[in-house]
Every structure is written in C-alpha cells, then in structure tokens.
Amino acid sequence: MNPVNYLYLAALLFTIGATGVLIRRNAIVVFMCIELMLNACNLALVAFSRMHGNLDGQIIAFFTMVVAAAEVVVGLAIIVSLFRSRHSASVDDASLMKL
Amino acid sequence: MSAQLAAYSTSTGEAFQFWVLGTVAVIGALCTVFMKRAVHSALCLAATMIVLAVFYLANGAYFLGIVQIVVYTGAIMMLFLFVVMLVGVTAADSLKETIKGQRWLALLCGLGFGVLLFAGIAHASLKDFNGIGRANANGNVEGLASLIFTRYVFAFELTGALLITAAVGAMVLTHRQRTERARTQRELSEQRVREGTHVPPLPAPGVYARHNAVDVAGLLPDGTPSELTVSKTLRERGQVRDVSAEALNDLKALEQRAEERLERTEIEPTAFKRPEEASK
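These protein sequences, in sequence, are chains A and B. Under our numbering, the first residue of the first sequence carries the number 1, and numbering increases by one thereafter. Under our numbering, the first residue of the second sequence carries the number 100, and numbering increases by one thereafter.
No lab work stands behind these hints, which were simulated from the structure alone. The C-beta atom is built at its ideal place from N, Cα and C for all residues, glycine as well. Watch out, some of these pointers could steer you wrong.
Said to hold, decoys possible - Coverage of chain B stretches by chain A, computed from C-beta distances (three or more under 8 Å per stretch; other residues unrestricted): (1) 167-175; (2) 294-303; (3) 323-335; (4) 348-359.
What the hints assert, rightly or not - With the C-beta cut set under 8 Å, the calculated list includes, among others, these residues of chain A facing chain B: (5) N5; (6) Y6; (7) A11; (8) V30; (9) I34; (10) C41; (11) L55; (12) Q58; (13) A77; (14) S81; (15) S85; (16) R86; (17) V91; (18) A94; (19) L96.
As the list claims (entries may be wrong) - Taking beta-carbon pairs under 7 Å as the criterion, some of the chain A residues facing chain B (in silico): (20) P3; (21) L38; (22) D93.
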C-alpha cells in the first residue's frame, strides 16, 4: 500500500467535516465537524512526517492539538452562553452580534 | 519500477489495517454529520478519533497516538458530551430549511471541494518516502522533546499563553454575575402565601403505578396532563411527555380485564364509579 493513501483518507475526512459544517445547524454538531477537520489535518501531517522521515510534521500536529483544545474550551463556553440567552443551540437563532 | 514501488510501500498488515479501520473512520465521520441527535454524533466522532489514534501509532507517531486518545477522546469528547447533556440530549435539529436548497448546494460545494483536494493530491509529486525509522531511532518522545525545546521553543511557550487565555476566557464567558441577592426560602414562602397561588408544594410528576419518569406530566382527575408537575427546565425545552391518552386507555383496558376476570357480564366503559356501586 502506498502511504499516500493516508493523505487521501485525510482529504476525505476533511471534506466530510467541511460538508457537515455547511449542512448542520446545531452549533455543537458544527463544532464537532470542525474537530473532524482538525483531526484530518493532523493525520495528513503525521503521514507527511513519515514520508519525509523527520519529526517536524508531528510537532505541528502536536501544536494543532493544543490549539484545538483551547478552541474547544472557548467555543463550548460560547455555545453554553448562547444557549442560556436564547434557549437553543441552533446557529440560525444567533443572527445578532450581541447576546 | 517494482523495486521503486517496494521502496515506498508499507507492509501487507498495515494495508489491511488501513482498509479496515479507514472504512470505520469514514463511516464514523459520515455518521457524525448525518446523525440527527448530537449525542450520537459525538459518539461517532469519538470512534473516528480512536481510529485516527491507531493510524498515528501505525505511522510511528507513538506520542501523538497516545495524546490523541488521552486528550481528544478522553478530554475533548467528554467535554462535548457534557455540553450536549447541558443543552439537552433530545433536542434534535429542526429539519426545516431556512434558505431554500441550501442542503443540496452545501453537498455540491463539499463534493467539488473534495474533488479539488483529491486532484491536488493525485497531481502532487510525492516521490520520496523515507520512513520514520531514522527519525525515531532515539525514541519518538525524545526526538519530539529535542525539537520542541530547541527549534520550536518559542511556539511552545506561546501555546502556554494561549492555554491560559483560553481557560480565563471560558470562565469569563460562562460566569454569570448575580445582580440582586438570591431570595431565601422564607421570602419565597411568604411571597407564595401573599399571592395565594400554589401555597402547598407543587404536585409530583408521573402517573402513579404506570409512569414515574420526571418528564411525564401528572394527570388531573379529568385526564388532562398538568404542566405544573414537570420541572421548569423540561417545560422550557419542550421535553414534556404526554401519556394522558395512553394512560386512560390502559386504565380502561385494565378495568375491562378485571371485570372479565370477576365474570361480570355487564362491561361498563365508564372509568369512574361510585364505591358503593362498585362493591355491589
């Protein structure tokens, strides 16, 4: 098997995640799709790291994980405060810049 | 050509693992997008992430594989589940489209994007395949550490600042400042007596001997459900289950069975009878 297949899998997962962001309207599911896209990128970075035989790709994947963790914390806090003020987690309801 | 191909191809075992687990990952990703309820989406995403962790391990990224399981499936997905529970488990997406044809356009856009990505990868010249063996010679974690603390040390310190900012930001966003003092139990009871509505405690939810779930409204004597019996949170979410018709039918069937058991010829459809009449 050619290791480029990992890249194809990553591309497929990224595409599914991007489509999910466009289709779904529940803010939590949209957020999960974003996580899926980040994970797909990580898979591509790890595969690249293996192809080129150095660890820089893994380092970048590691930083991606750290940033994703920070993003999840802030994003979920925003969703919770949105749900508190609007009693719904649908992104359609959040059409104003203020809460 | 075959020698060159052999130089950059993986073992048969890894190929088998890739095709089996890759299918699982794609199915999990599709379920994440298309499952109606957020809990199911979260669980499918957790499955996909575990599969990705196995792929990291297979690619020689041992540290990242473990971190993926511990941080992503262990911490982030559980945080997601926590918020899903907070927001409401049964709150399904509304299927009404706000913009006409938006779903199909989005699917089309996704498809086009995927075709572009695949074509890009297919046209890229990915000829060199060195394998991770040499880079991992002194151990994967040691190699990563030596890179993080030398070349990437500034980025590493910045992530520390980012994490602290995120933690503070989350606390600021979810913290609610109380503007007035919380009313005490005594004040609440005095207010209830003054207003004269619902002086005794609110009735309990559930239909006795049939449903004692908290989301089932208790029935009034005439068989209509009483909203007062269900907690305010469930009422606001619209998660009150109405079993009044079901419960009345059950009751009727039970009475009919009882009368048949007692070999009474006359079967009365009425639900309520006076005690002295029933004892005859």
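To see whether the hints hold, each was checked on the structure:
1. Closer than 8 Å: that is the beta-carbon criterion, and the segment 167-175 of chain B has 5 residues meeting it against chain A, so the requirement of 3 holds.
2. With a cut-off of 8 Å between beta carbons, the segment 294-303 of chain B has 0 residues touching chain A; three or more are needed, and the interface restraint is violated.
3. Note: the segment 323-335 of chain B has 1 residues with beta-carbon separation from chain A under 8 Å; the three-residue rule is not met and the coverage is violated.
4. Only residues whose C-beta sits within less than 8 Å of a C-beta in chain A count toward coverage, and the segment 348-359 of chain B has 0 of them, not enough to reach three; the restraint is violated.
5. The beta carbon of N5/A comes within 6 Å of a beta carbon in chain B, closer than 8 Å, and the hint placing it at the interface holds.
6. The beta carbon of Y6/A comes within 7 Å of a beta carbon in chain B, closer than 8 Å, and the hint placing it at the interface holds.
7. Of the supplied interface hints, the one on A11/A holds, with its beta-carbon coming within about 4 Å of a beta-carbon of chain B, less than 8 Å.
8. For V30/A, the interface hint is violated, the least distance from its beta-carbon to any beta-carbon of chain B being 10 Å, above 8 Å.
9. Restraint check, I34/A versus chain B: the minimum CB separation of about 11 Å is more than 8 Å; hint violated.
10. For C41/A, the shortest C-beta to C-beta distance to chain B is roughly 11 Å, which exceeds 8 Å, and the interface hint is violated.
11. The beta carbon of L55/A is positioned within 8 Å of a beta carbon in chain B (closest approach about 5 Å), and the interface hint is therefore held.
12. With a least beta-carbon distance of about 5 Å to chain B, the hint placing Q58/A at the interface is held under the 8 Å criterion.
13. With a least beta-carbon distance of about 4 Å to chain B, the hint placing A77/A at the interface is held under the 8 Å criterion.
14. Hint on S81/A holds. Least Cβ distance to chain B is approximately 5 Å, under the 8 Å limit.
15. Below 8 Å, beta-carbon pairs count as interface contacts, and S85/A has none with chain B, the closest being about 10 Å; its hint is therefore violated.
16. Here the hint on R86/A is broken, as its CB sits about 11 Å from the closest CB of chain B, past 8 Å.
17. Against a cut-off of 8 Å between C-beta atoms, the interface hint on V91/A is violated, since the closest Cβ of chain B lies about 10 Å away.
18. Below 8 Å, beta-carbon pairs count as interface contacts, and A94/A has none with chain B, the closest being about 13 Å; its hint is therefore violated.
19. Using the Cβ-Cβ criterion of 8 Å, the hint placing L96/A at the interface with chain B is not satisfied: the shortest such distance is roughly 15 Å.
20. Hint status for P3/A: holds, given a least beta-carbon distance of 6 Å to chain B, under 7 Å.
21. Hint on L38/A is violated. Least Cβ distance to chain B is approximately 9 Å, over the 7 Å limit.
22. Restraint check, D93/A versus chain B: the minimum CB separation of about 10 Å is more than 7 Å; hint violated.
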